[in-house]
Amino acid sequence: MSARRTKSILSRGWQIVVLPFWSTSALWAVGPDDTPSHGTNIFAPASTPAKSIADLSVFVLVITGIIFVVVFALLFYSVVKFRERVIDAGREPAQVYGSTQIEFAWTIIPTLIVVVLFLATARVIHALQDAPEPAGAVEVTAIGHQYWWEFRYPKLGIVTANELHIPVSNPSHPTPTFLQLLSADTDHSFWVPELAGKTDLIPNHPNRMWVDPQRTGVFLGQCAQYCGTQHAKMLLRISVDRPEDFASWVRAQERPGVENAGAIPGRRVFERNACMNCHAVGGTPADGRFGPDLTHLMSRTTIAAGAAENTRDNLRLWIQNPSAIKPGSLMPAMKLSDADLDAVVSYMETLH
Amino acid sequence: MSSNVITVSVGQTDAKPWVDELHQWLATVDHKRLGILYIVSALMFLVIGGVEALIIRIQLMHSHNNFVSPEVFNRMFTMHGTTMIFFVAMPVLFGFANYLVPLMIGARDMAFPRLNAFSFWLSFLGALLLYFSFLGGSGLYGAGNAPDVGWWSYAPLGARAFSPGHSSDYWTLSLLVSGFGSIGTAINIIATILCLRCPGMKLNRMPLFAWLNLVMAGMVLIAITPLSAAQIMLLIDRYLGGHFFDTQAGGSAVLWMHFFWIFGHPEVYVLIIPCFAFMSEIIPVFSRKPIFGYPVMVAATVSIAFVSMSVWAHHMFTIGMNSYANSFFTLTTMAVGVPTGIKIFNWIGTMWGGRIQFKTPMLFSIGFLFQFLIAGLTGIMMAASPFDWQLSLSYFVVAHFHYVIVGGILFALFAAFYYWYPKMTGRMLSESFGKWHFWLFLTGFHLTFDVMHVPGILGMPRRIYTYEAGRGWDTLNFIISIGAFIQAVAILVFVANLIISYFKGVPADNDPWDAWTLEWSIPSPPPAYNFATIPTVASRRPLWDHKHPEDPDSRYE
Numbered sequence: 566m567s568a569r570r571t572k573s574i575l576s577r578g579w580q581i582v583v584l585p586f587w588s589t590s591a592l593w594a595v596g597p598d599d600t601p602s603h604g605t606n607i608f609a610p611a612s613t614p615a616k617s618i619a620d621l622s623v624f625v626l627v628i629t630g631i632i633f634v635v636v637f638a639l640l641f642y643s644v645v646k647f648r649e650r651v652i653d654a655g656r657e658p659a660q661v662y663g664s665t666q667i668e669f670a671w672t673i674i675p676t677l678i679v680v681v682l683f684l685a686t687a688r689v690i691h692a693l694q695d696a697p698e699p700a701g702a703v704e705v706t707a708i709g710h711q712y713w714w715e716f717r718y719p720k721l722g723i724v725t726a727n728e729l730h731i732p733v734s735n736p737s738h739p740t741p742t743f744l745q746l747l748s749a750d751t752d753h754s755f756w757v758p759e760l761a762g763k764t765d766l767i768p769n770h771p772n773r774m775w776v777d778p779q780r781t782g783v784f785l786g787q788c789a790q791y792c793g794t795q796h797a798k799m800l801l802r803i804s805v806d807r808p809e810d811f812a813s814w815v816r817a818q819e820r821p822g823v824e825n826a827g828a829i830p831g832r833r834v835f836e837r838n839a840c841m842n843c844h845a846v847g848g849t850p851a852d853g854r855f856g857p858d859l860t861h862l863m864s865r866t867t868i869a870a871g872a873a874e875n876t877r878d879n880l881r882l883w884i885q886n887p888s889a890i891k892p893g894s895l896m897p898a899m900k901l902s903d904a905d906l907d908a909v910v911s912y913m914e915t916l917h
Numbered sequence: 002m003s004s005n006v007i008t009v010s011v012g013q014t015d016a017k018p019w020v021d022e023l024h025q026w027l028a029t030v031d032h033k034r035l036g037i038l039y040i041v042s043a044l045m046f047l048v049i050g051g052v053e054a055l056i057i058r059i060q061l062m063h064s065h066n067n068f069v070s071p072e073v074f075n076r077m078f079t080m081h082g083t084t085m086i087f088f089v090a091m092p093v094l095f096g097f098a099n100y101l102v103p104l105m106i107g108a109r110d111m112a113f114p115r116l117n118a119f120s121f122w123l124s125f126l127g128a129l130l131l132y133f134s135f136l137g138g139s140g141l142y143g144a145g146n147a148p149d150v151g152w153w154s155y156a157p158l159g160a161r162a163f164s165p166g167h168s169s170d171y172w173t174l175s176l177l178v179s180g181f182g183s184i185g186t187a188i189n190i191i192a193t194i195l196c197l198r199c200p201g202m203k204l205n206r207m208p209l210f211a212w213l214n215l216v217m218a219g220m221v222l223i224a225i226t227p228l229s230a231a232q233i234m235l236l237i238d239r240y241l242g243g244h245f246f247d248t249q250a251g252g253s254a255v256l257w258m259h260f261f262w263i264f265g266h267p268e269v270y271v272l273i274i275p276c277f278a279f280m281s282e283i284i285p286v287f288s289r290k291p292i293f294g295y296p297v298m299v300a301a302t303v304s305i306a307f308v309s310m311s312v313w314a315h316h317m318f319t320i321g322m323n324s325y326a327n328s329f330f331t332l333t334t335m336a337v338g339v340p341t342g343i344k345i346f347n348w349i350g351t352m353w354g355g356r357i358q359f360k361t362p363m364l365f366s367i368g369f370l371f372q373f374l375i376a377g378l379t380g381i382m383m384a385a386s387p388f389d390w391q392l393s394l395s396y397f398v399v400a401h402f403h404y405v406i407v408g409g410i411l412f413a414l415f416a417a418f419y420y421w422y423p424k425m426t427g428r429m430l431s432e433s434f435g436k437w438h439f440w441l442f443l444t445g446f447h448l449t450f451d452v453m454h455v456p457g458i459l460g461m462p463r464r465i466y467t468y469e470a471g472r473g474w475d476t477l478n479f480i481i482s483i484g485a486f487i488q489a490v491a492i493l494v495f496v497a498n499l500i501i502s503y504f505k506g507v508p509a510d511n512d513p514w515d516a517w518t519l520e521w522s523i524p525s526p527p528p529a530y531n532f533a534t535i536p537t538v539a540s541r542r543p544l545w546d547h548k549h550p551e552d553p554d555s556r557y558e
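Top line first, the protein sequences correspond to chains A and B. So the first sequence is numbered by this note's numbering: it starts at 566 and just counts up by one. So the second sequence is numbered by this note's numbering: it starts at 2 and just counts up by one.
Worth flagging that the hints you see were computed from the coordinates, not collected in a lab. Model, not experiment: these values are computed from the prediction. The beta carbon of each residue, even a glycine, is placed where N, CA and C say it ideally should be. Careful: at least some of the hints might be erroneous.
Unchecked claim - Distance windows between CB atoms, simulated:
no.: 1; chain 1: B; residue 1: Ala497; chain 2: A; residue 2: Arg773; range: 26 to 36 Å
no.: 2; chain 1: B; residue 1: Trp26; chain 2: A; residue 2: Ser888; range: 45 to 55 Å
no.: 3; chain 1: B; residue 1: Glu72; chain 2: A; residue 2: Arg773; range: 25 to 35 Å
no.: 4; chain 1: B; residue 1: Gly137; chain 2: A; residue 2: Arg816; range: 53 to 63 Å
no.: 5; chain 1: B; residue 1: Pro524; chain 2: A; residue 2: Glu657; range: 53 to 63 Å
no.: 6; chain 1: A; residue 1: Gly655; chain 2: B; residue 2: Ile59; range: 45 to 55 Å
no.: 7; chain 1: A; residue 1: Thr849; chain 2: B; residue 2: Gln249; range: 21 to 31 Å
no.: 8; chain 1: A; residue 1: Val645; chain 2: B; residue 2: Pro526; range: 48 to 58 Å
no.: 9; chain 1: A; residue 1: Gln666; chain 2: B; residue 2: Lys548; range: 26 to 36 Å
no.: 10; chain 1: A; residue 1: Glu657; chain 2: B; residue 2: Phe307; range: 29 to 39 Å
no.: 11; chain 1: A; residue 1: Arg773; chain 2: B; residue 2: Gln358; range: 53 to 63 Å
no.: 12; chain 1: B; residue 1: Met62; chain 2: A; residue 2: Arg773; range: 34 to 44 Å
no.: 13; chain 1: A; residue 1: Glu809; chain 2: B; residue 2: Leu256; range: 26 to 36 Å
no.: 14; chain 1: A; residue 1: Asp695; chain 2: B; residue 2: Ala497; range: 55 to 65 Å
Claimed, not checked - Every beta carbon over 12 Å from chain A, so not counted as near; a handful from chain B, in silico:
no.: 15; residue: Ile49
no.: 16; residue: Arg198
no.: 17; residue: Gly219
no.: 18; residue: Leu236
no.: 19; residue: Arg239
no.: 20; residue: Phe293
no.: 21; residue: Gly321
no.: 22; residue: Asn327
no.: 23; residue: Met335
no.: 24; residue: Gly350
no.: 25; residue: Met363
no.: 26; residue: Arg464
no.: 27; residue: Ile465
no.: 28; residue: Phe479
no.: 29; residue: Ile483
no.: 30; residue: Pro527
Please model the complete structure; the sequences and the hints are all you need to start from.
See the structure below:
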């Protein structure tokens with residue numbers, strides 16, 4: 566009983582500490598369309614790793630808060646109480662050189678606090694890092710590239726970019742997602758604050774992380790490790806789908822991309838220019854891997870790693886002059902004629 | 002006490018041509034002049050690094066701002082970080098150590114005056130090399146540019162595949178050259194303190210200032226060496242076909258991180274321990290009491306030095322170390338909090354029961370205590386590695402280390418400037434300017450760096466030149482930028498105070514603060530030879546003994 570009571574006091578303490586952040590997160594709870602859009606607040610966790618971290622954080626915040634109040638009170642008291650007064654003029658105070666007992670006390674007490682904090686932390690480290698992968702887990706390989714994300718589902722044979730789809734996880738029947746993190750070039754870091762802490766993507770150093778989101782909707786994040794010129798616009802979107810939505814997304818991704826024969830002029834432009842050196846379109850000769858896979862481009866809501874909405878105008882601008890959207894991006898300006906540009910954009914629009 | 006003055010024949014005493022004066026400054030081997038050279042060059046770079054910070058803050062005032070391009074923004078934060086750490090914080094602290102250590106231990110100069118001059122000019126040359134990159138960064142290709150790889154230049158971003166041209170080579174050479182300078186200075190400080198103490202000044206009678214600088218110098222020797230080694234390895238990678246950090250040829254990015262942070266974390270203590278030294282001199286004098294717990298202060302410093310050598314990988318909690326490594330570095334990092342806490346308690350213990358005088362140096366010292374307390378507590382938060390998985394690489398960590406470096410180190414430095422300026426120049430700094438400087442800087446500091454914790458909690462990563470609207474970051478960033486400008490105004494007040502007081506300040510006598518260490522026993526500014534006769538001390542506070550012969554410290558120690 567008393568343990569439960571302590572817990573409720575702690576969680577109330579948390580509410581007070583994070584109240585300013587909660588009020589803003591409420592604004593984000595429902596986005597403009599019907600899919601709820603979530604923010605990037607570390608105190609609005611929607612997945613076990615983020616939740617364990619937030620709970621530990623509250624514990625640490627409460628302890629450091631108590632230390633702050635005590636030490637600040639001592640400092641404030643001594644500044645006010647022992648300020649020089651007019652009547653003191655010229656008289657020196659008692660010269661005190663120290664006290665072994667007091668020194669001993671303020672060595673032992675902080676040491677005990679450190680032990681408590683360490684044990685609480687080590688428990689969370691072990692629980693999160695050494696969690697075994699259950700049989701029903703979804704596996705994803707995330708590969709960081711200079712300024713975009715490649716996502717591969719090795720068991721499902723799906724390749725996509727920048728917008729990760731994963732199923733919601735029911736606590737009674739968990740379907741967590743385990744990510745293997747790789748890098749194709751420089752260091753990156755995968756950070757979606759409401760799902761988990763960040764983990765770096767480092768070349769020659771595969772990493773692992775996992776999430777088990779318990780709410781549906783789009784979760785935002787971005788690259789957190791400085792990776793070059795456009796580090797700022799290497800944005801991340803994770804769509805957490807209901808199981809049936811995820812299954813139908815998977816089926817759609819497994820279909821070949823090119824179905825509409827009417828778009829052939831644009832396809833020819835795509836394959837006769839440099840586009841296919843970097844981009845892949847499933848079912849066609851285009852199999853470049855330097856840039857994002859475009860097989861199901863139109864299933865994504867954004868382009869350029871979240872830098873722009875996926876609209877016809879933005880696609881056209883992106884192909885013609887990427888610097889207008891993302892200066893420093895490795896996508897070259899294609900310098901196509903207007904007719905070719907329209908044709909290739911129309912081709913892109915068939916890639917559902 | 003040796004307050005008598007030797008008359009030294011210095012040739013003609015009438016006005017010299019400025020060339021002679023300049024020559025004396027450039028060719029000097031006097032520790033006081035070299036100290037002032039360090040300090041003045043650091044102040045110059047403080048202003049330059051501050052302008053870079055303002056450019057960063059203008060760009061981030063609102064989302065999707067176009068004040069500078071991403072390339073320029075990335076150069077600005079790289080140059081700001083490198084400048085502030087290597088060419089402001091370290092030189093200015095070396096400057097104070099150079100100036101004050103011989104005076105406090107009753108010596109006539111540093112142990113190796115020529116090495117001292119050599120070290121200064123190496124450091125200064127390093128700074129010039131870094132800034133030359135603006136002109137010559139791309140070498141033969143024409144347009145210059147500064148390095149844009151971040152101040153820790155993580156591999157493989159620093160490899161030639163990702164940083165072509167020569168801009169990051171200037172960064173590498175600059176740190177290498179100034180690193181040699183730092184090592185020279187550290188050797189010099191250690192030799193001076195161990196060999197040149199005046200008669201009677203046993204190790205346990207040294208002012209804490211000397212003790213803490215001794216520890217700092219020892220840490221420099223250990224910390225700068227791996228940095229220099231890593232820079233040489235990086236040059237081998239870039240120009241001699243090595244593959245230490247070249248991941249495309251099987252090199253290790255993580256190896257670079259270890260090299261960098263095994264320098265980088267002790268470096269934080271290299272910077273903060275001299276500031277502890279300032280506090281340990283200034284707080285007692287303005288509280289009118291001796292330092293509380295002198296032996297414990299020394300022991301705490303030495304233990305900070307030892308433990309801080311084993312905490313470096315807390316900068317790397319996000320790189321995917323295993324759970325044992327993460328737990329180990331969590332424990333060591335939290336453990337540093339114990340001796341650091343002891344120090345804060347001892348400073349409060351010094352003030353307890355004293356008669357605190359709120360002169361400008363003391364105001365900045367109290368600011369230091371308050372801010373360092375908060376910086377330490379946010380440090381404990383990030384030591385809890387899971388919490389760090391959220392906070393690391395975000396604006397929270399930027400706020401945390403600026404709390405250490407600006408709220409801690411810079412506040413302590415301002416206290417030191419106001420305290421020792423009279424000794425260095427023979428003039429007092431203006432107290433009214435000083436109060437303006439303090440309150441303006443305090444306001445700007447808290448506006449900027451208190452608020453800066455919040456966007457980190459709301460998911461804003463560091464080193465982004467722009468950000469999306471609608472994440473709750475706009476207003477916060479605007480407030481942060483306003484605070485930055487208030488700090489800039491405060492710095493202008495400070496610089497004005499330094500310049501105006503140099504010409505028009507109230508003349509200072511030997512001992513304007515009624516202090517207790519040896520530097521206050523000789524004229525302000527001190528003569529070239531410092532002490533006409535080498536003093537003999539019998540306690541930790543020789544001037545207290547001199548002023549209170551009826552109740553000397555030597556009776557109790």
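Hints, one by one, checked against the model:
Range check, B/Ala497 to A/Arg773: about 56 Å between beta-carbon atoms, so the 26 to 36 Å window is missed. Checking the proposed 45 to 55 Å range against B/Trp26 and A/Ser888 shows it holds: the Cβ atoms sit about 49 Å from each other. At roughly 34 Å, the beta carbons of B/Glu72 and A/Arg773 sit within the given window of 25 to 35 Å. Taking 53 to 63 Å as the suggested C-beta distance range, the pair B/Gly137 and A/Arg816 conforms, at roughly 58 Å.
Judged by the Cβ atoms, the range 53 to 63 Å given for B/Pro524 and A/Glu657 is violated: they are separated by roughly 25 Å. Take A/Gly655 and B/Ile59: their Cβ atoms lie about 52 Å apart, and the range 45 to 55 Å holds. Range check, A/Thr849 to B/Gln249: Cβ separation about 29 Å, and the 21 to 31 Å hint holds. In this structure, A/Val645 and B/Pro526 break the distance hint of 48 to 58 Å, their C-beta atoms being roughly 37 Å apart.
For A/Gln666 and B/Lys548, the hinted distance range of 26 to 36 Å is satisfied, since their beta carbons lie about 30 Å from each other. Distance hint check for A/Glu657 and B/Phe307: the Cβ-Cβ separation is about 36 Å, which falls inside the suggested range of 29 to 39 Å. Our hint of 53 to 63 Å for A/Arg773 and B/Gln358 holds, since their Cβ atoms are close to 58 Å apart. A hinted range of 34 to 44 Å for the beta carbons of B/Met62 and A/Arg773 is consistent with their spacing of about 39 Å.
Checked against the given bound of 26 to 36 Å, the beta carbons of A/Glu809 and B/Leu256, roughly 47 Å apart, lie outside it. At roughly 58 Å, the beta-carbon separation of A/Asp695 and B/Ala497 lies within the given 55 to 65 Å, and the hint holds. In this structure B/Ile49 is separated from chain A by more than 12 Å, as the shortest Cβ-Cβ distance comes to about 22 Å. Even its closest Cβ contact with chain A, about 21 Å, leaves B/Arg198 beyond 12 Å, as expected for a residue assigned away from the interface.
Against the 12 Å criterion, B/Gly219 stays outside the reach of chain A, whose nearest CB is about 23 Å from its own CB. Listed as outside the interface, B/Leu236 is consistent with that label: its C-beta sits roughly 19 Å from the nearest C-beta of chain A, beyond the 12 Å cut-off. For B/Arg239, the non-interface assignment is confirmed: its Cβ lies about 15 Å from the closest Cβ of chain A, beyond the 12 Å cut-off. Residue-level check failed: B/Phe293 sits 5 Å from the nearest beta carbon of chain A, not beyond 12 Å.
Distance check on B/Gly321: its Cβ comes as close as 4 Å (rounded) to a Cβ of chain A, failing to clear the 12 Å threshold; non-interface status is violated. Distance to chain A contradicts B/Asn327 as a non-interface residue, since its nearest Cβ pair spans about 5 Å, not more than 12 Å. Distance to chain A contradicts B/Met335 as a non-interface residue, since its nearest Cβ pair spans about 5 Å, not more than 12 Å. The non-interface label for B/Gly350 is inconsistent with chain A: the shortest C-beta to C-beta separation is roughly 7 Å, within 12 Å.
Listed as outside the interface, B/Met363 is inconsistent with that label: its C-beta sits roughly 9 Å from the nearest C-beta of chain A, within the 12 Å cut-off. With a cut of 12 Å on Cβ distances, B/Arg464 falls inside the contact zone with chain A, its closest approach being about 4 Å. Distance to chain A contradicts B/Ile465 as a non-interface residue, since its nearest Cβ pair spans about 4 Å, not more than 12 Å. Distance to chain A confirms B/Phe479 as a non-interface residue, since its nearest Cβ pair spans about 15 Å, more than 12 Å.
With 12 Å as the threshold on Cβ separation, the claim that B/Ile483 sits away from chain A holds: the shortest Cβ distance comes to roughly 19 Å. B/Pro527, annotated as away from the interface, keeps every beta carbon of chain A farther than 12 Å; the closest lies near 26 Å.
Of the numbered hints listed earlier, those contradicted by the structure are 1, 5, 8, 13, 20, 21, 22, 23, 24, 25, 26 and 27.
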